[in-house]
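Trainee: Each chain, letter by letter, is given below.
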Amino acid sequence: MKKHTLAVTVENRPGVLTRVTTMFRRRGYNIESLAVGATENPAISRITIEVTGDDRIIEQVTKQLYKLIEVIKINDLTDARSVDRELVLIKVKADNSVRAEIVQIVDIFRARIVDIGRDSLIIEVTGDSRKIEAIEDSLRAFGIIEMVRTGKIAMIRGGK
Amino acid sequence: MKLKGAEILLQCLQKEGVDTVFGYPGGAVLPIYDALYKSEIRHILSRHEQGAAHAADGYARATGRVGVCIATSGPGATNLVTGIATAYMDSIPLVCFTGQVGTSLIGRDAFQEADITGITLPITKHNYLVEKTEDLARIVKEAFYIARTNRPGPVVVDLPKDVMEKEIDFEYPEEAINIRGYRVVKGYNSNQVITAVDYIQKARRPVIYAGGGVISSNAAEELRELAEKRKIPVTTTLMGMGGFLGNSYLSLGMLGMHGTRYANYAIGECDLLIAVGVRFDDRVTGKIDTFAPHARVIHIDIDAAEIGKNVEVEVPIVGQVKEVLAAINQRLEAIESEELNEWHETIHRWKEEYPLRYGDSSEGRIMPQHVIEEVYSLTQGEAIICTEVGQNQMWAAQYYHYKHPRSFLSSGGLGTMGYGFPAAIGAKIACPDLPVVDIAGDGSIQMNIQELGTAVQYRLPIIICILNNHFLGMVRQWQGLFYGGRYSYTDMSHQPDFVKIAEAYGAIGRRIKEASQVREALEEALKVKDRPVVLDFWVEREADVYPMVPPGGSLMNMLGGD
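Protein sequence lines correspond, in order, to chains A and B. Numbering-wise (my numbering), the first sequence opens with residue 300 and increments by one. Numbering-wise (my numbering), the second sequence opens with residue 783 and increments by one.
Honestly, the hints are just simulated from the structure, not real lab data. In this text, a Cβ means the ideal position worked out from N, Cα and C, and glycines have one as well. Honestly, I wouldn't trust all of these hints.
Said to hold, decoys possible - Not everything, but these chain B residues come out facing chain A in the computed CB check (under 7 Å):
(1) Leu903
(2) Pro955
(3) Ala958
(4) Asn960
(5) Tyr964
Said to hold, decoys possible - Far from chain B by the CB rule (all over 12 Å, computed), these chain A residues:
(6) Gly314
(7) Thr317
(8) Asp354
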């Protein structure tokens, strides 16, 4: 069992996302993360899906996705040379005694502070999953009040 | 030319070659029915929308053409759902038009509003909500194209009332269909075909396992050639009945849960399994790990997603069954006469030892299997047999020898009780010159018995054989075998007088209680040309369907019939 990242190119029409997620639900596959957005072509959207499974499951997921009329193309970016990013917002407890220490962590991870409250900070991080997990671990000791994370988006490197 | 949406719809149907539609009017489809009033398209009025959907399905199965049905919004559309799901599970090409409330009312819980595209999402090949009259012709064209190409299936087109009313300048879009995400499968991997040929020529104990794909691909002739060229025994699934000559010496009959012992044993012993247009359904394979344990598997199917879904295969070939079989046949050398003698002797021994058989009635009643045998004896495979679901369906599969593709219409995947009779209506309208017989149970027939009204109105001489055991027989059988004989709510003794019901509708009704009268009753029924005949056969109450693979068991361990 392995986590796969599938980049699914679809027609930009109402209901397409429902068709995709309905297929996952009906066939019993679990979506770990999902990101949907526009592409350079306004008629086409891109759904990036993370799904865990062995080769056979991923093959079935891919074939079943291809059967949806509005799915145009599927790329499995898992083993491909690709860039992937997630974005996370973390609200962390931060009174004066620890603020400096937190700012240092933010610098090390090249994250950003986007809001300052009396006893808290909101930190924005972009990066791959490993980086995001690492900063989350570093901040946990201060007390994470709230955290929200986007799905992963990914792209193959080079001219392809 | 200025045309209303509804008129455009009918023009598009004619362009698709549609001459018959099945439907039921209602508020949201008033514009369509108004256009139908002056149209050449023949509309068959069902008595329930489910009946219209199954009739369109029966029409499609009997002809290979796309079946069309129409229902109004809300309850009209939801009443189609069972029919759509039935067609989806069996890969039957249907286009279902549903009325919808006006576009300005959608999403406001208007009167008779139902989100039918949402509801049918997982049971259609694709569906559309037409938002603009300008899109209508393209969408109808795409709907038919999607329904009938590749692996066929039902497509729903939801039509808001104002889209049907609106008048626009119309010209039929002659340009070819171009759907980016949908390509018709062409050709096949010829290396795989070469490997398949090699495997077939080396096999010592080959078996062909043929399914509905042979029928939907019109590949019965290619299948026959393959089987005869290499003298390969053929077993068919329920959906494959008629895809191979039932009384050929190479026929093993049906396999699976209620298949013949010799078909299942052949699967258990074969060294090569040639799976053609099938999906390795659980009712066929039993316990999947013990299915064809000694065999290499060649799997030919139009749907890539079916390959490797339930079993691993050595030679996957994605393509039109007809085309792939033709390619294999072309490369295949005819067999030396004695090459497979040992295998044929083994199968012959199984056939001698374990023929399909049934006992005499303990209560002097008619044996249900006997009714099917008489139907066969009188029609010799030159008829369309429809079935309901349950024991009647299994006996109809076991005891009738199908000769032609599209002569056995049955809800295989979904197992829809109430399917057979409306499907028979569709089949009879498609094939008026063939006898059409619905093999029913006393439970199933009551699920769509209102369609007697339709069959009488259109003077359709369909013969309905109710194998009346006053039980929901198949469920009772399982209660007997696996639930300690506790017949929980399966006794159907409280039933109407089917003869009187038939007569009330203007059909012919007859009750038969003696085995000696079965043949004569069928003979008389076959003579009727202008109305349906309901034959109420009172059969042995607790006859069971045998042999049987208990659910989840291995095909090698069958109950009964030994």
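Trainee: Are the hints correct? Go through all of them and say.
Mentor: Taking the hints in turn, this is what the structure says about them:
1. Leu903: 5 Å, holds
2. Pro955: 18 Å, violated
3. Ala958: 16 Å, violated
4. Asn960: Cβ of Asn960/B sits 12 Å from chain A, so the hint is violated.
5. Tyr964: 5 Å, holds
6. Gly314: With a cut-off of 12 Å, Gly314/A comes too close to chain B, as the shortest Cβ separation is near 7 Å.
7. Thr317: 7 Å, violated
8. Asp354: 10 Å, violated
Going down the numbered hints, you'll see the structure goes against 2, 3, 4, 6, 7 and 8, while the others check out.
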